[in-house]
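Model the full structure from these sequences, guided by the hints.
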Amino acid sequence: MITFQAVAKRYRNGREALANVSLHVAPGEMVFLTGRSGAGKSTVLKLIALLERPTRGQVVVAGEGTARLPARRVPAFRRRVGVVFQDHRLLVDRPVFDNVALPLIVAGSSLKEIGKRVRAALDQVGLLGSERVRPGELSVGEQQRVGIARAIVSRPPILIADEPTGNLDPVLAAEVMTLFRRLNEVGVTVLVATHDLHLVKESGLRAIVIENGRIAGGEPEAALPTIEARR
Amino acid sequence: MSFGPVSYLVRHAHALVSSAGHLARAPIATVFTVVVMGLALALPLGLDVLVRNVRSATDDFSGAVGISAYLHTGVSEQRAQQLAGTARDRPGVGTVNLITADQALAQFRRQSGFGAALDALQGNPLPHVLAITPAAESANPADMESLRRYLAAWPEVESVQLDGAWVARFNAILNLLRRSLLVAAGLLGLGVVAVVGNTIRLEIQNRRAEIEVTKLVGGTNGFVRRPFLYTGALYGLLGGLAAWLVVEAALHALAPAAAQLAQSYGSRFELAGPNLMDLKWLLGIGTLLGWLGSWLAAARHLARVEPGSG
Numbered sequence: 005m006i007t008f009q010a011v012a013k014r015y016r017n018g019r020e021a022l023a024n025v026s027l028h029v030a031p032g033e034m035v036f037l038t039g040r041s042g043a044g045k046s047t048v049l050k051l052i053a054l055l056e057r058p059t060r061g062q063v064v065v066a067g068e069g070t071a072r073l074p075a076r077r078v079p080a081f082r083r084r085v086g087v088v089f090q091d092h093r094l095l096v097d098r099p100v101f102d103n104v105a106l107p108l109i110v111a112g113s114s115l116k117e118i119g120k121r122v123r124a125a126l127d128q129v130g131l132l133g134s135e136r137v138r139p140g141e142l143s144v145g146e147q148q149r150v151g152i153a154r155a156i157v158s159r160p161p162i163l164i165a166d167e168p169t170g171n172l173d174p175v176l177a178a179e180v181m182t183l184f185r186r187l188n189e190v191g192v193t194v195l196v197a198t199h200d201l202h203l204v205k206e207s208g209l210r211a212i213v214i215e216n217g218r219i220a221g222g223e224p225e226a227a228l229p230t231i232e233a234r235r
Numbered sequence: 074m075s076f077g078p079v080s081y082l083v084r085h086a087h088a089l090v091s092s093a094g095h096l097a098r099a100p101i102a103t104v105f106t107v108v109v110m111g112l113a114l115a116l117p118l119g120l121d122v123l124v125r126n127v128r129s130a131t132d133d134f135s136g137a138v139g140i141s142a143y144l145h146t147g148v149s150e151q152r153a154q155q156l157a158g159t160a161r162d163r164p165g166v167g168t169v170n171l172i173t174a175d176q177a178l179a180q181f182r183r184q185s186g187f188g189a190a191l192d193a194l195q196g197n198p199l200p201h202v203l204a205i206t207p208a209a210e211s212a213n214p215a216d217m218e219s220l221r222r223y224l225a226a227w228p229e230v231e232s233v234q235l236d237g238a239w240v241a242r243f244n245a246i247l248n249l250l251r252r253s254l255l256v257a258a259g260l261l262g263l264g265v266v267a268v269v270g271n272t273i274r275l276e277i278q279n280r281r282a283e284i285e286v287t288k289l290v291g292g293t294n295g296f297v298r299r300p301f302l303y304t305g306a307l308y309g310l311l312g313g314l315a316a317w318l319v320v321e322a323a324l325h326a327l328a329p330a331a332a333q334l335a336q337s338y339g340s341r342f343e344l345a346g347p348n349l350m351d352l353k354w355l356l357g358i359g360t361l362l363g364w365l366g367s368w369l370a371a372a373r374h375l376a377r378v379e380p381g382s383g
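Quick note, the sequences are listed as chains A and B, same order. When we follow the working numbering, the leftmost residue of the first sequence carries the number 5, and every step to the right adds one. When we follow the working numbering, the leftmost residue of the second sequence carries the number 74, and every step to the right adds one.
By construction, these hints were calculated from the structure, which means they are not laboratory data. Hints are not guaranteed to be accurate.
Label pairs and their calculated CB-CB ranges [stated by the list, open to error]:
id, chain 1, residue 1, chain 2, residue 2, range
1, B, L249, A, P99, 57 to 63 Å
2, B, A99, A, L132, 30 to 36 Å
3, B, N279, A, R19, 27 to 33 Å
4, B, T293, A, S41, 29 to 35 Å
5, A, E117, B, V104, 33 to 39 Å
6, B, G357, A, E33, 55 to 61 Å
7, A, S41, B, G357, 55 to 61 Å
8, B, T293, A, L115, 18 to 24 Å
9, B, N279, A, E117, 27 to 33 Å
10, B, T293, A, E33, 27 to 33 Å
11, A, P99, B, R281, 19 to 25 Å
12, B, A99, A, E117, 30 to 36 Å
Residues of chain B placed beyond 10 Å of chain A at every Cβ, according to the derived structure [stated by the list, open to error]:
id, residue
13, V127
14, N170
15, V233
16, R373
This structure is a prediction, so every number in the text was calculated from the model and none was measured. Glycine residues also receive a C-beta, built at the ideal position from the N, C-alpha and C atoms.
The structure is reproduced here in structure tokens:
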């Protein structure tokens with residue numbers, strides 16, 4: 005579902021965030037991406053969500069090679085990847101309903117479908133009934149759950165999360181992880197970037213370790229599949 | 074997901090409502106922008122209304138324009154009548170009045186006070202005169218000159234005199250004013266585009282986070298641009314409405330003084346404001362300029378806002 009092959013990423017300021025990174029996440033798998041701050045975890049997620057393009061190598065997400073994907077096809081691609089941020093990135097001047105509905109509105113869904121799916125997503129994250137509340141009136145944990153509801157409302161096959169438990173206490177962090185596990189159980193491929201090793205160990209799931217922009221564990225080279233990217 | 078015509082309309086309606094909501098949530102900024110645009114649009118509209126009122130007020134000036142054709146003294150009154158009839162049949166001629174030599178002399182005797190002296194004359198030295206007034210649509214310098222040359226070519230005519238050259242100059246001034254109005258409208262239209270463009274640029278900066286999130290969840294450039302285009306168009310529409318109100322208010326304030334001036338000339342002239350067609354044009358042009366300004370700003374600044382760029 006997600007494959008990196010010999011990927012390097014150098015930013016405009018000259019900083020090399022990734023060097024020769026190869027990894028694979030199978031369809032329906034839930035994997036952690038772990039490492040210290042600045043190791044390159046966020047860059048991996050940005051390359052998956054096509055917020056950045058690789059300087060070298062190939063990134064294939066849901067069968068789509070992203071390195072040379074034309075700009076006009078980027079929006080449609082992004083609709084297939086749900087993204088959860090540590091800082092939630094919610095629109096504070098809009099109620100919860102509007103925040104969660106945004107991916108469906110941009111996709112041109114009908115009003116009826118939007119209403120149905122938003123309520124279903126809020127139900128999944130335990131926030132049904134908070135549709136008219138503004139994000140600022142919610143706790144940090146609830147805001148994170150709104151962010152997750154927005155990421156899953158259009159039922160993307162892939163969900164990536166960047167330090168989703170970074171601002172949460174252990175109880176709330178466990179709740180969020182349970183939520184991801186449930187989504188994974190219904191077939192969503194989940195990749196969670198975190199530096200919380202305790203969380204990773206407790207989950208018992210595979211973890212890809214990244215250090216100084218290189219894979220340091222959890223991703224044996226031999227396990228990488230052949231890339232057959234659609235161009 | 075659906076991309077049919079209903080979905081298309083729903084998305085546009087959503088963008089329109091969202092834009093109207095943004096304007097309503099920032100009433101002071103919206104009012105300032107609309108007032109600036111209203112004043113910019115009011116100036117050409119006001120000038121246009123002024124020119125039309127002046128033309129309307131001076132419509133009677135066409136009667137002040139005339140041609141006097143003096144016949145040779147030997148031309149008989151009967152022939153003069155025939156010539157008057159011929160002149161009447163020419164296109165562009167409004168009225169033809171024959172002032173016979175006897176009528177002219179009697180009038181001169183009455184008005185000049187030289188009655189006794191005139192009695193000493195052995196005959197009437199005055200010629201028959203054709204006093205010609207052009208039709209309203211031909212009361213312009215070119216048609217008047219054409220008519221003068223036509224009359225001067227008659228062998229019975231000794232001389233032709235054009236009356237009311239000042240009216241032609243007055244019309245030329247009005248034409249100059251009309252052209253100035255077009256130039257002013259063009260410049261102020263550019264000003265409106267710049268005002269809207271700058272407002273939308275600031276709006277894009279203020280809503281950067283929202284734009285980034287929208288693009289992150291798959292919003293196309295067109296989708297992101299749409300509410301800004303509607304915002305610009307709404308600014309233009311409201312600006313046009315404000316301009317109409319400004320001009321109506323100005324006319325309301327000036328109407329008593331204009332009526333008083335007209336009365337002093339024995340006229341019942343009243344200032345006329347913009348009509349319904351003017352309002353339609355004003356709102357249409359305002360909306361178009363607002364849309365253009367926002368499109369230019371959005372095309373320039375939106376492409377720079379990407380989810381990963383912040």
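Quick rundown of the hints versus the structure:
| no. | hint | result |
| --- | --- | --- |
| 1 | B:L249 with A:P99: 57 to 63 Å | holds (59 Å) |
| 2 | B:A99 with A:L132: 30 to 36 Å | holds (32 Å) |
| 3 | B:N279 with A:R19: 27 to 33 Å | holds (30 Å) |
| 4 | B:T293 with A:S41: 29 to 35 Å | holds (34 Å) |
| 5 | A:E117 with B:V104: 33 to 39 Å | holds (38 Å) |
| 6 | B:G357 with A:E33: 55 to 61 Å | holds (58 Å) |
| 7 | A:S41 with B:G357: 55 to 61 Å | holds (57 Å) |
| 8 | B:T293 with A:L115: 18 to 24 Å | holds (20 Å) |
| 9 | B:N279 with A:E117: 27 to 33 Å | holds (31 Å) |
| 10 | B:T293 with A:E33: 27 to 33 Å | holds (30 Å) |
| 11 | A:P99 with B:R281: 19 to 25 Å | holds (21 Å) |
| 12 | B:A99 with A:E117: 30 to 36 Å | holds (32 Å) |
| 13 | V127 | holds (51 Å) |
| 14 | N170 | holds (76 Å) |
| 15 | V233 | holds (74 Å) |
| 16 | R373 | holds (17 Å) |
Going down the numbered hints, you'll see the structure goes against none, and every one checks out.
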